[in-house]
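Assemble the whole structure, with the sequences as input and the hints as a guide.
Protein chains: 2
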Amino acid sequence: MFFEGSEKKVEILVHQNQLSLLNDLSDDFWSELVNRCNAQILSSISNDKCKAFLLSESSLFVWDDYFLILTCGETNLVNSVKYFIEELGVNTIKHLTYQRKNEYFSHAQPSCFGDDVKQLAKYIPGRAMRFGAMDSHHTFVFHQDNQFKACIDDKTYEFFAYQISQDASNHLTKPGLTAHDIRTFLKLDELIPDFQLDDFVFEPYGYSVNAIYDNKYLTVHVTPQSDSSYVSFESNINLIELIPIILQILEPASFDLLSYNETEFKTLTNKNVPNRYVSQSLIQQTLTNGFLVNFANYILPTQGFSSATELDISGDNHEL
Amino acid sequence: MFFEGSEKKVEILVHQNQLSLLNDLSDDFWSELVNRCNAQILSSISNDKCKAFLLSESSLFVWDDYFLILTCGETNLVNSVKYFIEELGVNTIKHLTYQRKNEYFSHAQPSCFGDDVKQLAKYIPGRAMRFGAMDSHHTFVFHQDNQFKACIDDKTYEFFAYQISQDASNHLTKPGLTAHDIRTFLKLDELIPDFQLDDFVFEPYGYSVNAIYDNKYLTVHVTPQSDSSYVSFESNINLIELIPIILQILEPASFDLLSYNETEFKTLTNKNVPNRYVSQSLIQQTLTNGFLVNFANYILPTQGFSSATELDISGDNHEL
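As they're listed, the protein sequences go chains A and B. If you read the first sequence in the numbering used here, its first letter stands for residue 86, the second for the next number, and so on. If you read the second sequence in the numbering used here, its first letter stands for residue 86, the second for the next number, and so on.
Think of the hints as simulated: they come from the structure by calculation, not from any bench. If you're wondering where the values come from, they're calculated on a predicted model, not measured in any experiment. Among the clues, some could well be false.
[What the hints assert, rightly or not] Pairwise CB distance ranges (calculated):
| hint | chain 1 | residue 1 | chain 2 | residue 2 | range |
| --- | --- | --- | --- | --- | --- |
| 1 | B | GLU326 | A | PHE390 | 18 to 26 Å |
| 2 | B | HIS256 | A | ASN231 | 39 to 47 Å |
| 3 | B | SER131 | A | HIS256 | 55 to 63 Å |
[Said to hold, decoys possible] Selected chain A positions facing chain B (Cβ under 7 Å, derived; list incomplete):
| hint | residue |
| --- | --- |
| 4 | ALA213 |
| 5 | ALA218 |
| 6 | SER313 |
| 7 | GLN365 |
| 8 | GLN369 |
| 9 | PRO386 |
| 10 | GLU395 |
| 11 | ILE398 |
[What the hints assert, rightly or not] To spell it out: a stretch of chain A is covered by chain B in this simulated footprint if at least three of its residues, at any positions, have a beta carbon under 8 Å from a beta carbon of chain B; those stretches are:
| hint | segment |
| --- | --- |
| 12 | 201-209 |
| 13 | 220-227 |
In this text, a Cβ means the ideal position worked out from N, Cα and C, and glycines have one as well.
Take a look at the structure:
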């Protein structure tokens, strides 16, 4: 069964003198915001700096002056933005970034990136870029075009793994797997010691975890099924330095890296990406909002033949 | 402007004692068959063995006992198959193969491969396979599952080039370009000397050519626009041997090869694919109809950074 793991993502910064997202808004507000894109809140954790909601489709993180929502599957994330604007007014927004990864079952989506941007641009003038070629992994970024300038210390990292090893897929699709089993398999205590965790094991498989420590966050979403596996990591801790451990666990046939404001991208990837991977795309762009964005897609070249994938053409098979 | 060059393709073999496709069916029949998928016949050429129709969206080739139709854009090729069955009966069909490449603007398509196969399977029991990973270039193949066994001499080849060089794209999008200019640029007299040609230059750009010689055919379809360029070749002459010339002309960042019944696939690709390309997918599968199918996707690894692609978000821009 195919599941569209590819995420859409919105980050909204607010004017701090107007509103504290953490203190002035109730859980009901966030619950409704999440419902609007056709997802639900499953659970939450929090500390002084941040509140993290685990969703039926990915995650929502709220800090005092900004929030970040990622949704996968067939969600319509722009509807959540519209709700935010309806409730709080467009002038509350200091800066908005909307991001959407290329999908593999895009005809099942309620909208395409073009539709989304047309909706957003009614409220927020902005610019749109594509990172990566049309015919390979790529990510669309729309950002508000206003006076806002990003602080160079505002760094975030995304890592997307595709076609994880058969061993990893077998392990992560075992019936009866517990959250603890998956935490251990993903070596979360090595990757993020001291982080507070909140996770969920989906039926028949799939796993999501939110992790926070002070103002730091990591979220991991696992679509483990063989043939269309996908594991995404997003964090404001340096994921490029964690690549060797992540690759050892998942052994993906391909992975993408996306970073905001990592000025040492080339040095870090040279150091941490093993030579057996080659880069298909390598993009660097400074946006008009000041963000330095890097995108890279790596693949593992193959020498030997493998078989074609037989598809089940009976019933409502989503693999087709 | 984005154009979906990715093709759908149907090959139907008929029982020879029942019908000569070449002699017993009028051009009006083929014209209606083409109209049914939402394309039109532009022109045709023929010889004793074969008739080749150039279409508004790709090509149709008719031989005595089989025909082959390729369509790109937003066509619904299954409707053409339905017309054939309505007019001539399903028992006329000795064997059917339906093939569909992964698309890059699939939410604009009238159907997905799964929809198509569900329609076809109402008339023709069959099996479906995917060649290539979901997250990279791939081609779906549906074939009738009956007593038919392919003859090993029935060889066909497909070559798909992506992201042709800026020089090639600039040349092929020059205003006022003639068919003769493009024939020369594509070195058709070197690739296929002695073939009879029929070609068309589309506005504002795009080029299609059908070429026949005895029972041999080649068809080339060019979507030249920078950023989403795509050039497809399909033939029953050995395209793998022509790779060095084709790569010299187009210098694509990536290309796919698909062959039916090429038993020397590995030897031929080792000889003809330059070392600077690495293979991302390499698939070999013998179908239950006896066809040996090989699929390979090659990419050119990149070292230096390039810029992101700015997208025009005004109006009905199809790039989004």
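Quick rundown of the hints versus the structure:
Our hint of 18 to 26 Å for GLU326 of chain B and PHE390 of chain A holds, since their Cβ atoms are close to 20 Å apart. Separation of HIS256 of chain B from ASN231 of chain A is about 40 Å and conforms to the stated range, judged on CB atoms against 39 to 47 Å. Roughly 59 Å separates the CB atoms of SER131 of chain B and HIS256 of chain A, a value that falls within the hinted 55 to 63 Å. Taking 7 Å as the C-beta contact cut-off toward chain B, the hint placing ALA213 of chain A at the interface holds, the least distance being around 4 Å.
At a threshold of 7 Å, the smallest CB-CB gap from ALA218 of chain A to chain B is about 6 Å, leaving the interface hint in force. Taking 7 Å as the C-beta contact cut-off toward chain B, the hint placing SER313 of chain A at the interface holds, the least distance being around 5 Å. Checking GLN365 of chain A against chain B: minimum C-beta separation of about 5 Å stays under 7 Å; hint holds. Hint status for GLN369 of chain A: holds, given a least beta-carbon distance of 4 Å to chain B, under 7 Å.
A least Cβ separation of about 4 Å between PRO386 of chain A and chain B falls short of the 7 Å threshold, and the interface hint therefore holds. Among the interface hints, the one on GLU395 of chain A holds; its C-beta lies about 6 Å from the nearest C-beta in chain B, closer than the 7 Å criterion. Proximity of ILE398 of chain A to chain B holds as hinted, the smallest CB-CB distance being about 5 Å (cut-off 7 Å). Counting residues of the segment 201-209 of chain A whose beta carbon lies closer than 8 Å to any beta carbon of chain B gives 3, which meets the minimum of three for the stated coverage.
Counting residues of the segment 220-227 of chain A whose C-beta lies closer than 8 Å to any C-beta of chain B gives 6; at least three are required, and the coverage claim holds.
Of the numbered hints listed earlier, not one is contradicted by the structure.
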